[in-house]
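Asker: Here is what each chain is made of, one letter per residue.
Protein chains: 2
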Amino acid sequence: MRSHYCGDLSINHLNQEVIVCGWVNRRRDHGGVIFIDLRDREGIVQLVFDPQHSPESFTLADQVRSEYVLQVKGQIRPRPKGTENLDLATGQIEVWGQDLKILNASETPPFPVDEKMEVGEETRLRYRYIDLRRPENLQRLRTRSLIVQQLRNFLDSQGFIDIDTPILTKSTPEGARDFLVPSRTHPGEFFALPQSPQLFKQLLMVAGIDRYYQVAHCFRDEDLRADRQPEFTQLDIETSFIHEDTLMDLMEQMITKLFATVLNTQLTTPFTRMAYTEALNQFGSDKPDLRIPLKLIDIGDLMQEVEFKVFSEPAQNPQSRVAVLRLPGGATLSRKEIDDYTKFTATYGAKGLAYIKVINCSQGTEGLQSPILKFIPNEVVEEILNRTQAVDGDILFFGADKSYIVNEALGALRVKLGHDHGLVEQGWRPLWVVDFPMFEWDEKENRWHALHHPFTSPKEEDLPLLEQNPAACRSRAYDLVLNGTEVGGGSMRIFQSKTQAQVFQLLGINDVEVQEKFGFLLNALKYGCPPHGGIAFGLDRLAMLMTRSNSIREVIAFPKTQTASCPLTEAPGSVSESQLRELKIKIINQPSLVK
Amino acid sequence: MRSHYCGDLSINHLNQEVIVCGWVNRRRDHGGVIFIDLRDREGIVQLVFDPQHSPESFTLADQVRSEYVLQVKGQIRPRPKGTENLDLATGQIEVWGQDLKILNASETPPFPVDEKMEVGEETRLRYRYIDLRRPENLQRLRTRSLIVQQLRNFLDSQGFIDIDTPILTKSTPEGARDFLVPSRTHPGEFFALPQSPQLFKQLLMVAGIDRYYQVAHCFRDEDLRADRQPEFTQLDIETSFIHEDTLMDLMEQMITKLFATVLNTQLTTPFTRMAYTEALNQFGSDKPDLRIPLKLIDIGDLMQEVEFKVFSEPAQNPQSRVAVLRLPGGATLSRKEIDDYTKFTATYGAKGLAYIKVINCSQGTEGLQSPILKFIPNEVVEEILNRTQAVDGDILFFGADKSYIVNEALGALRVKLGHDHGLVEQGWRPLWVVDFPMFEWDEKENRWHALHHPFTSPKEEDLPLLEQNPAACRSRAYDLVLNGTEVGGGSMRIFQSKTQAQVFQLLGINDVEVQEKFGFLLNALKYGCPPHGGIAFGLDRLAMLMTRSNSIREVIAFPKTQTASCPLTEAPGSVSESQLRELKIKIINQPSLVK
Numbered sequence: 225m226r227s228h229y230c231g232d233l234s235i236n237h238l239n240q241e242v243i244v245c246g247w248v249n250r251r252r253d254h255g256g257v258i259f260i261d262l263r264d265r266e267g268i269v270q271l272v273f274d275p276q277h278s279p280e281s282f283t284l285a286d287q288v289r290s291e292y293v294l295q296v297k298g299q300i301r302p303r304p305k306g307t308e309n310l311d312l313a314t315g316q317i318e319v320w321g322q323d324l325k326i327l328n329a330s331e332t333p334p335f336p337v338d339e340k341m342e343v344g345e346e347t348r349l350r351y352r353y354i355d356l357r358r359p360e361n362l363q364r365l366r367t368r369s370l371i372v373q374q375l376r377n378f379l380d381s382q383g384f385i386d387i388d389t390p391i392l393t394k395s396t397p398e399g400a401r402d403f404l405v406p407s408r409t410h411p412g413e414f415f416a417l418p419q420s421p422q423l424f425k426q427l428l429m430v431a432g433i434d435r436y437y438q439v440a441h442c443f444r445d446e447d448l449r450a451d452r453q454p455e456f457t458q459l460d461i462e463t464s465f466i467h468e469d470t471l472m473d474l475m476e477q478m479i480t481k482l483f484a485t486v487l488n489t490q491l492t493t494p495f496t497r498m499a500y501t502e503a504l505n506q507f508g509s510d511k512p513d514l515r516i517p518l519k520l521i522d523i524g525d526l527m528q529e530v531e532f533k534v535f536s537e538p539a540q541n542p543q544s545r546v547a548v549l550r551l552p553g554g555a556t557l558s559r560k561e562i563d564d565y566t567k568f569t570a571t572y573g574a575k576g577l578a579y580i581k582v583i584n585c586s587q588g589t590e591g592l593q594s595p596i597l598k599f600i601p602n603e604v605v606e607e608i609l610n611r612t613q614a615v616d617g618d619i620l621f622f623g624a625d626k627s628y629i630v631n632e633a634l635g636a637l638r639v640k641l642g643h644d645h646g647l648v649e650q651g652w653r654p655l656w657v658v659d660f661p662m663f664e665w666d667e668k669e670n671r672w673h674a675l676h677h678p679f680t681s682p683k684e685e686d687l688p689l690l691e692q693n694p695a696a697c698r699s700r701a702y703d704l705v706l707n708g709t710e711v712g713g714g715s716m717r718i719f720q721s722k723t724q725a726q727v728f729q730l731l732g733i734n735d736v737e738v739q740e741k742f743g744f745l746l747n748a749l750k751y752g753c754p755p756h757g758g759i760a761f762g763l764d765r766l767a768m769l770m771t772r773s774n775s776i777r778e779v780i781a782f783p784k785t786q787t788a789s790c791p792l793t794e795a796p797g798s799v800s801e802s803q804l805r806e807l808k809i810k811i812i813n814q815p816s817l818v819k
Numbered sequence: 225m226r227s228h229y230c231g232d233l234s235i236n237h238l239n240q241e242v243i244v245c246g247w248v249n250r251r252r253d254h255g256g257v258i259f260i261d262l263r264d265r266e267g268i269v270q271l272v273f274d275p276q277h278s279p280e281s282f283t284l285a286d287q288v289r290s291e292y293v294l295q296v297k298g299q300i301r302p303r304p305k306g307t308e309n310l311d312l313a314t315g316q317i318e319v320w321g322q323d324l325k326i327l328n329a330s331e332t333p334p335f336p337v338d339e340k341m342e343v344g345e346e347t348r349l350r351y352r353y354i355d356l357r358r359p360e361n362l363q364r365l366r367t368r369s370l371i372v373q374q375l376r377n378f379l380d381s382q383g384f385i386d387i388d389t390p391i392l393t394k395s396t397p398e399g400a401r402d403f404l405v406p407s408r409t410h411p412g413e414f415f416a417l418p419q420s421p422q423l424f425k426q427l428l429m430v431a432g433i434d435r436y437y438q439v440a441h442c443f444r445d446e447d448l449r450a451d452r453q454p455e456f457t458q459l460d461i462e463t464s465f466i467h468e469d470t471l472m473d474l475m476e477q478m479i480t481k482l483f484a485t486v487l488n489t490q491l492t493t494p495f496t497r498m499a500y501t502e503a504l505n506q507f508g509s510d511k512p513d514l515r516i517p518l519k520l521i522d523i524g525d526l527m528q529e530v531e532f533k534v535f536s537e538p539a540q541n542p543q544s545r546v547a548v549l550r551l552p553g554g555a556t557l558s559r560k561e562i563d564d565y566t567k568f569t570a571t572y573g574a575k576g577l578a579y580i581k582v583i584n585c586s587q588g589t590e591g592l593q594s595p596i597l598k599f600i601p602n603e604v605v606e607e608i609l610n611r612t613q614a615v616d617g618d619i620l621f622f623g624a625d626k627s628y629i630v631n632e633a634l635g636a637l638r639v640k641l642g643h644d645h646g647l648v649e650q651g652w653r654p655l656w657v658v659d660f661p662m663f664e665w666d667e668k669e670n671r672w673h674a675l676h677h678p679f680t681s682p683k684e685e686d687l688p689l690l691e692q693n694p695a696a697c698r699s700r701a702y703d704l705v706l707n708g709t710e711v712g713g714g715s716m717r718i719f720q721s722k723t724q725a726q727v728f729q730l731l732g733i734n735d736v737e738v739q740e741k742f743g744f745l746l747n748a749l750k751y752g753c754p755p756h757g758g759i760a761f762g763l764d765r766l767a768m769l770m771t772r773s774n775s776i777r778e779v780i781a782f783p784k785t786q787t788a789s790c791p792l793t794e795a796p797g798s799v800s801e802s803q804l805r806e807l808k809i810k811i812i813n814q815p816s817l818v819k
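Same order as they appear, the protein sequences are chains A and B.
For what it's worth, our numbering labels the leading residue of the first sequence as 225, then goes sequentially.
For what it's worth, our numbering labels the leading residue of the second sequence as 225, then goes sequentially.
Treat the hints with care, as some may be off.
For identical chains, the list gives no copy identity; a pair is met inside one copy or between any two copies.
Subject to a maximum C-alpha distance of 20 Å in a straight line, what follows is the list of computed EDC-like cross-link-like pairs (lysine to aspartate or glutamate) [as the list claims (entries may be wrong)]:
| hint | residue 1 | residue 2 |
| --- | --- | --- |
| 1 | Lys750 | Glu331 |
| 2 | Lys325 | Glu684 |
| 3 | Lys722 | Glu502 |
| 4 | Lys750 | Asp338 |
| 5 | Lys305 | Glu561 |
| 6 | Lys581 | Asp232 |
| 7 | Lys481 | Asp253 |
| 8 | Lys626 | Asp522 |
| 9 | Lys808 | Asp616 |
| 10 | Lys808 | Glu446 |
| 11 | Lys340 | Asp386 |
| 12 | Lys340 | Glu669 |
| 13 | Lys808 | Glu413 |
| 14 | Lys305 | Glu778 |
| 15 | Lys481 | Asp380 |
| 16 | Lys810 | Glu413 |
| 17 | Lys325 | Glu685 |
| 18 | Lys722 | Glu331 |
| 19 | Lys808 | Asp447 |
| 20 | Lys640 | Asp563 |
| 21 | Lys750 | Glu794 |
| 22 | Lys581 | Glu603 |
| 23 | Lys340 | Glu308 |
These are computed hints drawn from the structure, not numbers from a lab.
All chains, full assembly: derive it from the sequences and hints.
Answerer: Following this line, the structure appears as structure tokens:
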């Protein structure tokens, strides 16, 4: 039906007769001639209709409106001198319209495609088929498609086998957030949609697949915070007979190649590797944004003896922390700005935000401005200035509390200061975080939690700690962090049934539950399970970062809203009584729940 | 952890020191030396351990059993003269084992990996991770992976954009067979898993994507006949501004390239195209296996006047058919064989299977053997012989009944005869079936059904028939049939809201239902929908055919059984009361249903 895409036409096609199809981006009359900008996925080309050249088409062209669908035959000719548009790839030429066919009409769209007008997200999603006509939105999906293609090509070239695992499967460890699917053939029983293909990929290793990957659909029925979707996509990878360093190297190659191909950007290799504890110490976060050149500096050792209890008590408590964050040039911050930062850190549980403005520090501590100076001996203040390498004009922010509160509050403040004060460096700063602890203690439930998941292997040398000191036991897990966003995470897995049983026990999963939920895994481990491990990348997040979008919703064709619904199809929706009867289920009507 | 895959070693690696990892396929002592066949996904290599060369490894090697996981370092040496195994890629060499490490032990597997022993499917699926160690089973998944890769590569090269559509979506037209997913955030409402991404891909065309594809997960909760799975995979394709002939040409290129790359087979192009009515007339089926050189031949015109009512009545009824099928050389069939074929056609509703054995036919009808000869005039019999080009030794089978019964019975008999008598030609016979009717009349429900789906476009020239004579209205649908299996199907879609509304009306879908289920589609058609169409290929079936497997279950990593359950994970399963409470649903306990 066409000879060329609109956007592919250029001065190279001069005098050729072409056929183009597309949407009316804009139409205008000018000097008895009709100009139409015709748009398709590759770009826009200008059509010209004049009554002499083609009276019939001119009459039709007069009737078309925005978003009408046209097919046009005509000759490529240069635009008249002075009317070229060099912003447009096709800006030197126009199609001299001869035959015009209106393939379809359009009502006035709910928002214009050709303008940058801000549109509410609900409306955008309800009319997603119009929203996606905006070139920048279409481009995001194309880039995502290219990303997936490039990742696949790399993995194919490295002998990875693409294997689909089931979507109708069994309720998993984190079962509470499973989507359930009632089974018609087994009344009263349910499938669950997978939160990840974790166990299946491990079974594939037991089967000897050796190198597996899948672009896997995953599901999690959680309260939708910030930027989550009930269904998301991960690049899921698993390998056998490999050490984590080799796997991380291979993944670095993959990511490096991806950025080179898609963004024409060379990432620095090898990626930085940092222990979990170091990340928390320096950045207050296990996914630090290394583009921000601010660091938390421990001063607990200096504060042990001071009389100021706000500092000395946490300094003496091994579960707590006293740390300082230096903002260069921050001494000019106003009272109000400091108040705002104090409120900001309060949202992370900090009880206050002590500070010192560094002024005239070559003259000792005389010129410093701070409400807390009176509580701290001069020599301690001087050591702090020394340790933070503070210079005149800086400000120091202090955190002193339970470690996790200091880390969260100062960690978040670090990122906020970075953005507020233009300190975020350009470019990409990938980082492997390694040496995670196996477990963290859940104070509320009074039991150990797996920091990654229960199939993560302890480090060989830490195996004895499983019994002696679980808190100190480190895992063979690794996360890939990119500019402060976790884009991938994985580990070497437990491959011996004895160790797996030990970890289940430590996590307080009783034998019945283990047998019911993971019996098939424990079984599989008994029949010759190879050492293995893998990783999963969040494709939505990776695509979001690489397209510099603000939300993963921008890189999903038909995303759900924050309340997990689809304004376009109006899913979820009600279903018929007969459907429910067939499934042998019933809706509980709790009046208190109905609004 | 290894330097080479086991199966990659050959005489080219002579004298090199290698490290291999894998599973013990077989172990045997022979003359004070231990031989181990070590297996990985690429093949098997022989390891040799002797007590002189490496006493420690020898001792360990003595302990290993089938399916133990080993890591072995050793030198490649030629096998002693006379012990080479030329059936094996690695058969000229062996690894002279130096360091042996037992990475994991294995209990005795439930069935041997290294023998061709027949194992029940339930057991195979329960221990799928062992089943897949059998090289032929692993190979099927690898071939499937390669098929998908090649299809993707082709589509990528043709400008198709790979886009994921939602899996949590809305109950669809064929709603009765939807899997439902209760929503926690919207109590009492349900998502549905998609039976296909049909509407989403059409919306992507409205959005201007122009060329879309997806390897799409689809779901259908139907009673599992023969070879169906509750979840299946299709290669889903949609294009805009294209005519069906162009699309079919492009798909032929894709399939031809696929067979050339994966099977090293050249398909004959262009593929045969055949109208639906012709396929039914000649083969009694809309997915005929063209490898079988038997055809149904109409003789209704000859039977109009005969006294034998079994033939004359159907011959006079336009809804009925009288046809004959000639089996060359079939005159030697025994009474019992003919009885068996009669029973076989009875399962398709045929009330009998009349036949004529053709003997001595150059002498007229004298020598023919048949119970029906006495009812049919000689000149008619002669014309039948003439029309079927029957020669001595043949048998003619007759069908006379409602057309659909004759087609099903003789169509199935044709295939059975072809297989029973070795008439199935080698190779691949792809076929496009085209010119389908838009509708078929459902006698039970007393209404029209869409033969494909309600979004299929009528042929332009048949548009007036929508009102005048729906039965005669042909669609722009096309199916790709390969050796008697439908591997793909698609159509040009309705892209004008008026036509779409007209078709919904004809199908008896009332306005409320239309608005509720398809309101968003009708809306989208109003805002500049381009002409578009597409196709979907059943990847499971295609992979099954290309790997010459007997079932789609063989080309799925973790298939469900015929009762839609998974013996490995024991899905579906029961869930906790609290999970159901959170979803605000309840299981109906109907004692009559509990066995």
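Asker: Does each hint fit the structure? Answer for all of them.
Answerer: Hints and how they fare:
{"no.": "1", "hint": "Lys750 to Glu331", "in the structure": "between (65 Å within a copy, 6 Å between copies)"}
{"no.": "2", "hint": "Lys325 to Glu684", "in the structure": "between (72 Å within a copy, 16 Å between copies)"}
{"no.": "3", "hint": "Lys722 to Glu502", "in the structure": "neither (31 Å within a copy, 65 Å between copies)"}
{"no.": "4", "hint": "Lys750 to Asp338", "in the structure": "between (62 Å within a copy, 18 Å between copies)"}
{"no.": "5", "hint": "Lys305 to Glu561", "in the structure": "neither (55 Å within a copy, 86 Å between copies)"}
{"no.": "6", "hint": "Lys581 to Asp232", "in the structure": "neither (59 Å within a copy, 67 Å between copies)"}
{"no.": "7", "hint": "Lys481 to Asp253", "in the structure": "neither (49 Å within a copy, 49 Å between copies)"}
{"no.": "8", "hint": "Lys626 to Asp522", "in the structure": "within (13 Å within a copy, 90 Å between copies)"}
{"no.": "9", "hint": "Lys808 to Asp616", "in the structure": "neither (74 Å within a copy, 62 Å between copies)"}
{"no.": "10", "hint": "Lys808 to Glu446", "in the structure": "between (25 Å within a copy, 16 Å between copies)"}
{"no.": "11", "hint": "Lys340 to Asp386", "in the structure": "neither (40 Å within a copy, 26 Å between copies)"}
{"no.": "12", "hint": "Lys340 to Glu669", "in the structure": "neither (51 Å within a copy, 52 Å between copies)"}
{"no.": "13", "hint": "Lys808 to Glu413", "in the structure": "both (10 Å within a copy, 16 Å between copies)"}
{"no.": "14", "hint": "Lys305 to Glu778", "in the structure": "neither (40 Å within a copy, 66 Å between copies)"}
{"no.": "15", "hint": "Lys481 to Asp380", "in the structure": "both (14 Å within a copy, 18 Å between copies)"}
{"no.": "16", "hint": "Lys810 to Glu413", "in the structure": "both (14 Å within a copy, 11 Å between copies)"}
{"no.": "17", "hint": "Lys325 to Glu685", "in the structure": "between (74 Å within a copy, 18 Å between copies)"}
{"no.": "18", "hint": "Lys722 to Glu331", "in the structure": "between (67 Å within a copy, 14 Å between copies)"}
{"no.": "19", "hint": "Lys808 to Asp447", "in the structure": "between (27 Å within a copy, 16 Å between copies)"}
{"no.": "20", "hint": "Lys640 to Asp563", "in the structure": "within (14 Å within a copy, 86 Å between copies)"}
{"no.": "21", "hint": "Lys750 to Glu794", "in the structure": "between (47 Å within a copy, 18 Å between copies)"}
{"no.": "22", "hint": "Lys581 to Glu603", "in the structure": "within (17 Å within a copy, 117 Å between copies)"}
{"no.": "23", "hint": "Lys340 to Glu308", "in the structure": "neither (22 Å within a copy, 74 Å between copies)"}
Going down the numbered hints, you'll see the structure goes against 3, 5, 6, 7, 9, 11, 12, 14, 23, while the others check out.
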